[in-house]
Amino acid sequence: MSEKSLHLRLGIFMSLFALFLVLYAIPSFVFAPSNVGKIVLSPLFWPYVLAGLAGIVGLALIANALTSAQDTPFEDEETEHPEGAAPWMRLGALAVIMVLVMFGLPRLGMVWTAMLAFAACAFLFRTRHPILALVCAVVVPLLLYAFFAHVAGVAIPQGNLVRLP
Amino acid sequence: MKLRTLGSVLALGVGLIAGTAMAEYPERPINMIIPYGAGGATDISARTIAEPLGTAVGQALVMANVTGAGGATGSVAVQNANPDGYTMLFARVGSHSVNPAMKATLPYTLDDFRFVTVYEINPVACAVRPDSGIDSMEDLVAKVAEGGVSYSSSGVGSLLHLAGAMVLSEFGVEDPLTQATHIPQQGGGAAATAVLNGTATFICTNSSALASFVANGQLKPLMVTTAEPVVGFDAPTANDLGKPALNKLVGWTGIAGPDGLPDDVAAKWGEWMAAATQDETFRTTMEARGSVIELMDPETANAFILEQYNTFKALVDQLGMRIEG
Amino acid sequence: MSLMDSLAAGLSLVGNVEAFFMLFCGLVIGVIGGAIPGLSATMAVALTLPFTFSMAPINGILLLLGVYKGGIFGGSIPAILIKTPGTPASSATILDGHPMAERGEAGRALGMALYASCTADAVSNLALILFAGWLASFALNFGPPEFFALILFSLTIIAGVSGESLLRGALSALAGLLLATVGLDLVYGTNRFTFGDPNMMGGLNFIAVLIGLFAIPEIIAMAWNPVAHLGRARALGKTRCTLADYLGSFKSIIRGSMIGVFLGSIPGIGAAPSAFLSYSEARRTSKNKANFGKGEIEGVAASEAGNNGVAGATLIPLLALGVPGDVITAIIIGAFMVHGLQPGPMMFILNVDIIYGLFIGLIVSSVFLLIVGSVAIRGFRFVADVPKRILMPAVLILCIYGVFAVNNNIFDVGVMFVMGWLGYIMMRNRIPAAPFLIAFILGPLLEDNFRQSMLMSGSDPLILFRGPITWFFWLLTGVTVLAITRSTLRKRVPLS
Chain S
1 MSEKSLHLRL GIFMSLFALF LVLYAIPSFV FAPSNVGKIV LSPLFWPYVL
51 AGLAGIVGLA LIANALTSAQ DTPFEDEETE HPEGAAPWMR LGALAVIMVL
101 VMFGLPRLGM VWTAMLAFAA CAFLFRTRHP ILALVCAVVV PLLLYAFFAH
151 VAGVAIPQGN LVRLP
Chain X
1 MKLRTLGSVL ALGVGLIAGT AMAEYPERPI NMIIPYGAGG ATDISARTIA
51 EPLGTAVGQA LVMANVTGAG GATGSVAVQN ANPDGYTMLF ARVGSHSVNP
101 AMKATLPYTL DDFRFVTVYE INPVACAVRP DSGIDSMEDL VAKVAEGGVS
151 YSSSGVGSLL HLAGAMVLSE FGVEDPLTQA THIPQQGGGA AATAVLNGTA
201 TFICTNSSAL ASFVANGQLK PLMVTTAEPV VGFDAPTAND LGKPALNKLV
251 GWTGIAGPDG LPDDVAAKWG EWMAAATQDE TFRTTMEARG SVIELMDPET
301 ANAFILEQYN TFKALVDQLG MRIEG
Chain C
1 MSLMDSLAAG LSLVGNVEAF FMLFCGLVIG VIGGAIPGLS ATMAVALTLP
51 FTFSMAPING ILLLLGVYKG GIFGGSIPAI LIKTPGTPAS SATILDGHPM
101 AERGEAGRAL GMALYASCTA DAVSNLALIL FAGWLASFAL NFGPPEFFAL
151 ILFSLTIIAG VSGESLLRGA LSALAGLLLA TVGLDLVYGT NRFTFGDPNM
201 MGGLNFIAVL IGLFAIPEII AMAWNPVAHL GRARALGKTR CTLADYLGSF
251 KSIIRGSMIG VFLGSIPGIG AAPSAFLSYS EARRTSKNKA NFGKGEIEGV
301 AASEAGNNGV AGATLIPLLA LGVPGDVITA IIIGAFMVHG LQPGPMMFIL
351 NVDIIYGLFI GLIVSSVFLL IVGSVAIRGF RFVADVPKRI LMPAVLILCI
401 YGVFAVNNNI FDVGVMFVMG WLGYIMMRNR IPAAPFLIAF ILGPLLEDNF
451 RQSMLMSGSD PLILFRGPIT WFFWLLTGVT VLAITRSTLR KRVPLS
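Chains as they are written, first to last, in the UniProt record's numbering: chain S, 1 to 165; chain X, 1 to 325; chain C, 1 to 496.
Only chain S is shown next, with the shape it has when bound in the complex (with noise of 0.2 Å):
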């Protein structure tokens, strides 16, 4: 990809954006109570001054883009990946395990997530060292539970099956 189409790419939407702040989302979800006495000291001013200059960046963006006259891609640019469709599925499989963790942490408790993640993660990012991955994955959410909940004295979720001491 060239600096010129990133820009008109990333100009569009932050465009669109501005205008969806602008329009949507700050009348709906930012509240101000009706006896405001200024302008400037409701709690809308900042909101729309940053949507305002949202849409000023976006609209820069887009008319870098037009007027720059080179079209050179990024030297640096990561070609076609080797792998096709492979990578994507990854990014899921991470996605999908954050998810996991999230429902998982206040469940089945802090270390238990945290070991199953560790595992899942060695595995997803097809690690060499497997047996030493394992290894890790049951021993560094112990050291750090007994560091962070013993050490520190931070109350480490234990979730409702095996409380740890």
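Since the hints were made in silico from the structure, they are not lab data. Treat the numbers as computed from the prediction; the structure is a model and nothing was measured. Think of the CB as a built atom: it goes at the ideal place given N, C-alpha and C, for glycine as much as any other residue. A couple of the hints might just be wrong.
[Stated by the list, open to error] Sample of chain C residues lacking proximity to chain X, with all beta carbon distances greater than 10 Å (derived):
1. Leu-166
2. Thr-285
3. Ile-425
4. Trp-471
[As the list claims (entries may be wrong)] If we take Cβ atoms under 8 Å as the criterion, some of the chain S residues that face chain X in the derived model are:
5. Pro-33
6. Gly-153
7. Ala-155
Following the hints, put chains X and C in place on chain S, whose structure we already have.
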């Protein structure tokens, strides 16, 4: 209506079962949530009592600061916790009487909690800069009439916010919201600094937050809201000035659990607190910071907080300070 | 009491093994605490506080100061090694420190971080001892209008950390400013973009955003291409920081220390903006300007000098006025109070022995930091040798624990993940993350001080120009913006 009755019956049932099942409460460490940041008045108070309290409980107390939104984030965490006595909250005047009185949008009410104790009272003092030309509350009120008076607070819905308005209103200022300007700051330290550097005219806050400035002659106290004088504050009490109604305006720290907390758990907390507050180190540390140790049992604590809440609520409605939206 | 008497009294207080031992312990705790992301210097100080209640006042305070100083340095270790800042203050160190580690120069970057930290620490302590009274009374002149002007000027840092394109930097900064509006409104207490969720009312946790933005994208990038790192020479950080390196960056270190002292003595700014300001100043004046952001050792030096320069200076408002400059000093003030000490002008008269004891302890602390830091670097350097596909899951787990520990809230872990994906998308689109972060820190300060000024003046904008300090910063802002515009235009002309 029926659903609610059913719900409360169920809750009662669960509470009873939990009560019998937990004959040996506490059998594991108890999570104590502090809804304010490290180093603040609530935090120091909580960590000071944790020492003797832990001994009385016989189990570890795990202190956890859950900060945000003027104490609301931490309070909600306890509101939604299991009412099994293993998640308790250090409730504070800001989170549990000023906030509920002022904020319509608050995600909890006083009914969502069961208070097991209030153990500390903090007198409130009002102070100005010594070179402000204000020597007494009359001077301040006269100045308000001239205009241009402002007061600082640690944020909307904090004790300081309400205190400034309440004091002015008691001293006969008709409409303190428009006659004096409220300048909120981020946190109590910044609020005191705002008076020091002349951003705001006066501040009303816990005497402990002002003690060092008063001792150093950087701020001059105008009054304290308790009936008794406060050590180190050379200023008249509210009763001296004929405003005993201001006695209600004090800070406090207490401990609360979620609403469904079983009776025997509450009773146990009553005993533990009675033992913990006898601790000599705890008393001297807290009194050195200007707190008054006053232990209330669960019933007295609930009544005390409700009464303060109602006073504040009436004032908020009268002045139109309620925050909607 | 003469100076000599005071010094003698101070010496007699700290002249025992215990006081120095406490200081040393504090530094060790601080470096370890700072090196664990999420635990941060603030947490380490807060956790140590209860232990000081039973100590002699000077020992307790020295212990806390040790933790503070150690923590600010310790944060740079994970920033360099795993691109995860241990404390917010060390986020500027990532910009050049991590690329150096990627190149196999972790040892050199860490060494420079340590030397810059110690130098800045010493400068900062000296400033405290010599100019405390003067700087403190100057800092009291900073009301909301002065802050507004100062922060507006600080926002020009964004130009310095934008990298290839100023426009993409501006886009990043705007995203940060917008995200910072989430939470309760300062003046009216109403909801802004909270969607009724109590967890959002306090605003998004700063450390969760910070770690999400810097550490998590690396992990996601690893999922995209697990073998990308194999060709590169990462392993073994055996390289050292040489005297020539140090001397080459000396000017930036001193400048960074001064910036740190100045921003530290003004309550309410903190170490992270100082580090970024120091970094962007170093970049602006350096001859290796083009190399900044790609692993320039001077960048590491400048950032670390900027954040450690704050550490001693925040004690200036604390001791001279009784005003805490940031969260950490707010906790330390608690230690003074439980011992019945009341920081402020009177303390220099009533407890002068403690003040001088502190000064002596502080001077020693810079030397101790050098010792503790060298050992810590040696201990942590092995991280650079861990196989990357095992290290990354470990970093993920560490971030989960750390971000949870900051506020004991699982919601923050979710914020970190979401920010991680945002950071990854930004990375793929060549949008720099640093402007986002600076804007996220400074945005709320800018807005709050603007509105406080408007409250003070009854919405009269003239208050923003009320005195020499505001004029100075407005002028500085104007000059900087002009310079940025000119250099941007000049870059464009020969291209097109």
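Hint check:
no.: 1; hint: Leu-166; in the structure: holds (31 Å)
no.: 2; hint: Thr-285; in the structure: holds (33 Å)
no.: 3; hint: Ile-425; in the structure: holds (27 Å)
no.: 4; hint: Trp-471; in the structure: holds (18 Å)
no.: 5; hint: Pro-33; in the structure: holds (6 Å)
no.: 6; hint: Gly-153; in the structure: holds (6 Å)
no.: 7; hint: Ala-155; in the structure: holds (4 Å)
Of the numbered hints listed earlier, not one is contradicted by the structure.
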